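Novice: Residue numbers (the UniProt record's numbering), protein chains in the order written: chain B, 1 to 591; chain L, 1 to 174.
What the hints contain is simulated information worked out from the structure, not anything from laboratory work.
Check each hint, because a few of them may be wrong.
Below are the DSBU-like pairs computed for lysine-lysine, each with C-alpha atoms no more than 30 Å apart in a straight line [as the list claims (entries may be wrong)]:
hint, chain 1, residue 1, chain 2, residue 2
1, B, Lys152, L, Lys73
2, B, Lys152, L, Lys63
3, L, Lys91, L, Lys131
4, L, Lys13, B, Lys152
5, L, Lys67, B, Lys306
Since the model is a prediction, treat every value here as computed from it, not as a measurement.
The lines below spell out each chain.
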Amino acid sequence: MSGGKHTAPGTQVVTGAQAVIKSLEALGVDVVFGYPGGAIMPAYDPLLDAELTHVLVRHEQGAIHMAEGYAHATGEVGVCIVTSGPAATNLVTGLADAHMDSIPVLAITGQVARSAIGSDAFQEADVTGITMPITKHNELVQSPERIAAAIKEAYHVARSGRPGPVLVDIPKDVLNATLVWEWPERVDLPGYRPTVRGHGKMIREALQLIAQAQRPVIYAGGGLVRAGADEELHAFATRLGLPVVTTLMARGVFPDTHELAVGMPGMHGHYAGVKALQQTDLLVTLGARFDDRVTGSLEHFAPHAKVIHVDVDPAEIGKNRAVDVPIVGDVKVVLGQLLKVLDDKADDASFAPDAADWRRHLAEMKRDHPLRFEQPETGVLKPQTAIRAVHETWGDEAVYVSGVGQHQMWSAQHIPYTRGRQWINSGGLGTMGFAVPAAIGAKVGVGRDTPVVAIDGDGCFQMTFQELATAVQHDIPVVFCVVNNGYLGMVRQWQHLFYDDRLSQVALPQDCPDLMKLADAYGIPGFRVQTVDELDATLAKAHEITDQPVLVEFRVDPDEMVFPMVPSGASNDEVLESADEWRARLAASGQ
Amino acid sequence: MDRHTLSVLVENKPGVLTRIAGMFARRNYNIHSLAVGPTDDPRVSRLTLVVGTEAVQLEQIVKQLNKLVHVLKIVELDAGESVQRELQLVKVAADAATRSQIIELADVFRAKIVDVDHDSITIEAAGNPGKLEAMIELLEPYGIREMVRSGTIALARGTKSITDGAKLRMQRVV
Ligand SMILES: Cc1ncc(C[n+]2csc(CCOP(=O)(O)OP(=O)(O)O)c2C)c(N)n1
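Work out the full structure: start from the sequences and follow the hints.
Specialist: This is the structure in structure tokens:
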């Protein structure tokens with residue numbers, strides 16, 4: 001950094017803008033996603049001399065989704081920086097997304113000068129006001145001396161406890177003012193003390209409950225991924241022989257290839273995953289929050305189950321479902337504590353439940369109720385076939401990022417994930433337009449050697465594909481796959497099933513835009529797959545390109561639907577495995 | 001639905017009240033009354049919140065409040081074991097014939113007459129919400145012109161203080 005002028009020995013006078021950059025450097029941040037503008041411009045000047053990489057996006061929503069993708073993939077805080085007013089409001093969707101999925105993000109926004117705040121000045125918006133309900137915390141920085149502490153606190157709050165987005169809004173005159181640089185040694189937040197270790201008594205009670213269970217199941221949620229608890233989960237589940245169901249947010253944290261893996265629960269979960277939660281007598285809930293997309297009708301959910309609930313956020317415990325053994329703590333630490341007790345008790349009567357029959361039953365369900373779809377030998381390409389082929393091509397090393405809709409559910413169902421952070425998607429908010437920028441951010445995070453493959457829908461893709469330019473300009477070689485079914489497929493599926501196939505405003509012309517020309521316009525290779533025959537050869541060609549972004553389009557059967565499905569609001573007992581089953585049920589009910 | 005009184009210590013930082021009120025609005029919880037003021041420590045303010053809710057939801061409210069970074073401490077004050085007060089100003093229609101009756105009534109409630117005019121009297125009363133409601137009921141027949149009530153403020157009985165210990169332990173976190 002060019003830095004400020006030195007006054008007395010040991011003191012350095014810097015501008016507020018320089019303090020922002022120095023703070024980020026002090027935190028070890030190496031990349032920020034951003035977009036300049038009037039109020040934040042002071043901070044873009046010292047950026048020129050900083051040890052930071054800045055990725056220039058094409059829309060501020062892209063910046064925050066990239067920061068999210070980076071955070072998802074690395075577990076580190078993703079940082080984005082944008083100007084005031086419209087730029088800051090463009091972050092709103094991403095902040096809400098990060099809030100719902102507990103993604104650590106630090107957003108720095110410019111604000112109009114202090115003297116202009118409240119005057120409806122040019123590009124003024126009450127950003128801390130707007131984002132209060134969708135951030136873990138936020139702050140309008142009122143003085144230059146406060147900058148370093150505000151950023152340090154924000155970073156700390158974003159990543160600790162239950163992670164989440166934190167926003168720091170800095171007025172332009174504060175950025176331009178000078179101050180004596182000082183990096184605060186510690187964070188003073190007297191009201192913020194996340195509980196990390198679980199209560200010893202509860203740990204024992206949980207183990208006792210598990211020992212007595214006949215049909216126990218681990219209900220594994222995204223909190224395990226956030227905590228990086230893959231190993232502890234694996235040790236715990238295998239030690240006690242507990243079957244594991246992984247939610248949409250937790251896919252991979254327990255390998256799908258493991259014999260104890262039962263699949264995904266919820267509205268479009270695997271049949272065995274859904275049923276396991278319905279039939280269990282003990283839910284060992286780890287970093288999951290009883291989301292309505294998992295539980296279906298809450299009153300019919302897991303009717304026979306006692307509940308152990310481990311979560312770092314005490315407010316999640318008991319929020320939707322009454323709990324028998326609550327454990328507040330970081331799920332990685334708590335699993336460590338549980339394992340420790342098991343180790344200490346090695347010679348004692350085992351805590352492992354007698355659940356061999358149950359495991360056999362689940363294995364049979366898995367075998368007898370696989371995902372169902374039919375791929376004709378010739379002709380139309382099924383989306384599931386395409387997605388399976390993508391996995392076969394880029395393999396287990398790759399990170400997969402999806403948009404929202406049918407392609408998301410097929411990607412969650414049909415790819416066997418083997419580690420946490422291998423699967424990135426927008427679960428809580430269900431944000432279309434997430435995949436392209438999030439995949440770019442993820443790729444920046446994981447680096448050259450790990451392929452990052454976005455699997456997007458044609459609708460989602462058109463919401464944020466302008467970020468292809470960002471990938472090209474910054475040489476970020478993501479594989480962008482578009483599952484083009486010519487429809488807002490998931491909405492169409494609902495209109496088909498629940499609105500008597502009256503299709504309202506869901507058609508997107510399959511060849512507008514022409515994605516091959518679009519790839520061309522961005523100067524990247526484009527590949528189109530229209531039939532099963534072309535699939536392998538074309539993907540092989542795309543796979544060879546590793547030094548620049550690639551676009552692959554699959555023209556797939558628009559009629560294909562996602563199953564299994566639990567109709568919205570229904571009991572999970574009513575899980576449907578095919579459209580025929582749905583029609584038969586309608587006919588039986590006389591509709 | 002029961003009424004619960006929550007006493008909340010918060011850091012005296014900009015936007016704290018908005019955050020708290022916003023949390024209630026966002027989660028569809030109902031605030032019955034809210035009173036805020038400084039404490040003996042200028043860095044700390046104290047809110048007294050009265051909410052009408054079931055116990056299950058109360059637990060969730062407390063947990064969600066606790067998540068706010070500037071919230072230092074929350075205690076529920078049991079109605080029986082705390083002193084609860086509201087301040088009320090009420091302007092009652094009064095003429096020569098009714099004035100003395102109204103003054104007598106005010107006396108019974110140990111309320112003060114703070115303003116008198118040709119055809120009205122303004123009464124200031126402090127007390128627990130039940131007492132104030134009883135007074136209003138008796139004044140109603142005379143014709144209430146206007147009234148205003150503060151939110152409830154409350155302190156636990158006895159020597160115990162919720163600020164003990166919680167008083168800005170400016171604690172080292174990192
Ligand atoms: C920003 C946003 N707008 C609307 C929706 C509602 N929505 C959910 S899925 C979907 C259709 C997605 O279509 P597409 O991207 O083509 O994927 P497909 O379902 O066809 O795989 C829509 C409109 C949403 N989730 N997000």
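Novice: Hints first: check each against the structure and report whether it holds.
Specialist: Results for each hint:
1. B:Lys152 - L:Lys73: holds (23 Å)
2. B:Lys152 - L:Lys63: Roughly 25 Å separates the two Cα atoms, so the pair holds.
3. L:Lys91 - L:Lys131: holds (17 Å)
4. L:Lys13 - B:Lys152: Distance of about 17 Å is within 30 Å: holds.
5. L:Lys67 - B:Lys306: Cα-Cα ~27 Å, so holds.
In this structure, none of the earlier numbered hints is contradicted; all agree with it.
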